[in-house]
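S.K.: For the protein sequence lines, the chains are A and B, in the order given. Mapping the first sequence onto my numbering, position 36 (from 1) lands on 36, and the numbers just tick up by one. Mapping the second sequence onto my numbering, position 100 (from 1) lands on 100, and the numbers just tick up by one.
Hints were generated in silico from the structure; no laboratory data involved. Check each hint, because a few of them may be wrong.
Okay, the calculated beta carbon distance ranges per label pair [stated by the list, open to error]: (1) B:ARG22 <-> A:GLY19: 40 to 46 Å; (2) A:ASN59 <-> B:LEU85: 34 to 40 Å; (3) A:GLY19 <-> B:GLY162: 56 to 62 Å; (4) A:GLY19 <-> B:LEU139: 35 to 41 Å; (5) A:THR40 <-> B:LEU64: 22 to 28 Å; (6) B:GLU99 <-> A:PRO37: 32 to 38 Å.
What the simulated footprint calls covered on chain A by chain B, stretch by stretch (three residues with Cβ under 8 Å from a Cβ of chain B suffice, anywhere in the stretch; the number is not a length) [what the hints assert, rightly or not]: (7) 58 to 65; (8) 76 to 87; (9) 93 to 100.
Idealized CB from N, CA, C, for every residue including glycine.
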Amino acid sequence: MAETFNFRLITPTGVLFDGAVEQVTAAGPLGEFGVLPMHTNFITSIAPGVITLKLGEGNFNEFLLAGGLAEVKDGAMTALAVEAEAPGAVNSAAAAEQAMAAEQRMATMSMFDPEYEEAAHSLALARARAQIEQLRRAPH
Amino acid sequence: MATLKAIRRRIASVKSTQQTTRAMKLVAASRLRRAQEALFNARPYHEALTRVSDSLLASAPEALGAPEGAALAQWLVLVTSDRGLCGGYNANLIRLAEETMAKAQSEGLTPKLFVIGRKGAEHFKRAKMPLDGERINNLPRLATVGLARDVAARMLHEFRTGAVCEAGVIYSSFRSALSQRPIFEKLLPIKPPESAAGAADYLIEPSAAELIPAVLRSYVEAAIFHALLEGEASEHGARMTAMDSATNNAVDMIARLTLEMNRARQAQITKELMDIVGGAEALRG
Chain A
1 MAETFNFRLI TPTGVLFDGA VEQVTAAGPL GEFGVLPMHT NFITSIAPGV
51 ITLKLGEGNF NEFLLAGGLA EVKDGAMTAL AVEAEAPGAV NSAAAAEQAM
101 AAEQRMATMS MFDPEYEEAA HSLALARARA QIEQLRRAPH
Chain B
1 MATLKAIRRR IASVKSTQQT TRAMKLVAAS RLRRAQEALF NARPYHEALT
51 RVSDSLLASA PEALGAPEGA ALAQWLVLVT SDRGLCGGYN ANLIRLAEET
101 MAKAQSEGLT PKLFVIGRKG AEHFKRAKMP LDGERINNLP RLATVGLARD
151 VAARMLHEFR TGAVCEAGVI YSSFRSALSQ RPIFEKLLPI KPPESAAGAA
201 DYLIEPSAAE LIPAVLRSYV EAAIFHALLE GEASEHGARM TAMDSATNNA
251 VDMIARLTLE MNRARQAQIT KELMDIVGGA EALRG
């Protein structure tokens, strides 16, 4: 059996996952990154998107994060997200619609609009929602 | 002395009030339990976030201050409830808000107030004080991540654009169902943590300075969410206590009125007997 490390996914409403995993893959500010056992102490941010946990024996677990922070300390990883959803809860048709709506909103906005950041955030989130459906159809 | 009928009517009315207050107390108790659970669930997030942000903020303290030339103003978020009947809960919060604003003014800062909750918003509207914004009707739940995110975004926007140089939140800190205390917590600018230890132990990607906006955002969101959670628990605790003493008062009042009613009834019986005896005496005459 492959080596594992402890991973926790924490949101303000509770701990969504706490257990041993073989690998964690998430979207960072510089692109996708993976964490394996014995990773060095590490802090980065997580972009809105899917975080994939490799549980061993070919099992995977995915969560949709609305962005957050990731920390690896002493071999254990913690992901902090303000909001997270299990992929089962995602409706892809609604997600595609949300993505369209968010894109249209973005198109009419300037970079200096106070709501620009918020709109960019919801666009990234909606895209991630639409994307998770494809992930589920084409397993790893 | 009030007539027998009036006293009976009075007792019936107190009884129905008592039923209402007792039901409200039970509802508040179950909501309080839920709010306390939410408060408990939020703790791991708060702890982990504090650890991460402390190590990050310590490594780039220069990115934390207000932008240069920021207006001398203070942005305050006041967390009150939408519903009343919770004792002095809202009055205490509003008093602290007014004191905090007066203090800011004496320090040369213009206070700007953002109110959450109908009770607070209505108070300041009556006082004809312009609000910088309000969020009322946060029902059925006050402490939602969505509300915290919206308010945090507003606060960070005000701070980053230099519209204010300070920001804070006033909420009621929940100690127990019997004790809630309004407190003022300054959120921005963040004080750099005292112990800079740990910052160097991390590989930070892309860089601390670039991560700070994300951390700041998470930090403010978490702090406001925490304030909402504490406020929600305090509100239900205060209402539970208020409704409990209202129920007890009703019990006392019913006991007093029942005694009065019995006296009135006895007085009436005695009077009727006297009349009969008097009539009989007169006939015998």
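S.K.: Taking a Cβ-to-Cβ distance below 8 Å as contact, does the stretch 93 to 100 of chain A have at least three residues touching chain B?
M.R.: violated (count 0)
S.K.: Looking only at beta-carbon atoms, does the pair B:ARG22, A:GLY19 fall within the given range of 40 to 46 Å?
M.R.: holds (45 Å)
S.K.: Take a look at whether the Cβ-Cβ distance between A:THR40 and B:LEU64 falls inside 22 to 28 Å.
M.R.: Holds, at about 26 Å.
S.K.: So the hint says 34 to 40 Å: do the beta-carbon atoms of A:ASN59 and B:LEU85 match that?
M.R.: Violated: the Cβ-Cβ distance is about 52 Å, outside 34 to 40 Å.
S.K.: Return holds or violated for the Cβ distance of A:GLY19 and B:LEU139 against the range 35 to 41 Å.
M.R.: holds (36 Å)
S.K.: Can you tell me whether the CB distance of A:GLY19 to B:GLY162 sits inside 56 to 62 Å?
M.R.: The hinted range 56 to 62 Å is violated for A:GLY19 and B:GLY162, with Cβ atoms some 45 Å apart.
S.K.: How does the coverage statement for the stretch 58 to 65 of chain A fare against chain B, requiring three or more residues with Cβ below 8 Å from a Cβ of that chain?
M.R.: violated (count 0)
S.K.: Using the beta carbons of B:GLU99 and A:PRO37, state whether their distance is inside 32 to 38 Å or not.
M.R.: violated (54 Å)
S.K.: Three or more residues of the stretch 76 to 87 of chain A near chain B by CB distance under 8 Å?
M.R.: It holds: at least three residues are needed, and the stretch 76 to 87 of chain A offers 4 whose Cβ sits within less than 8 Å of chain B.
Checked against the numbered hints given earlier, the structure breaks hints 2, 3, 6, 7 and 9 and satisfies all the rest.
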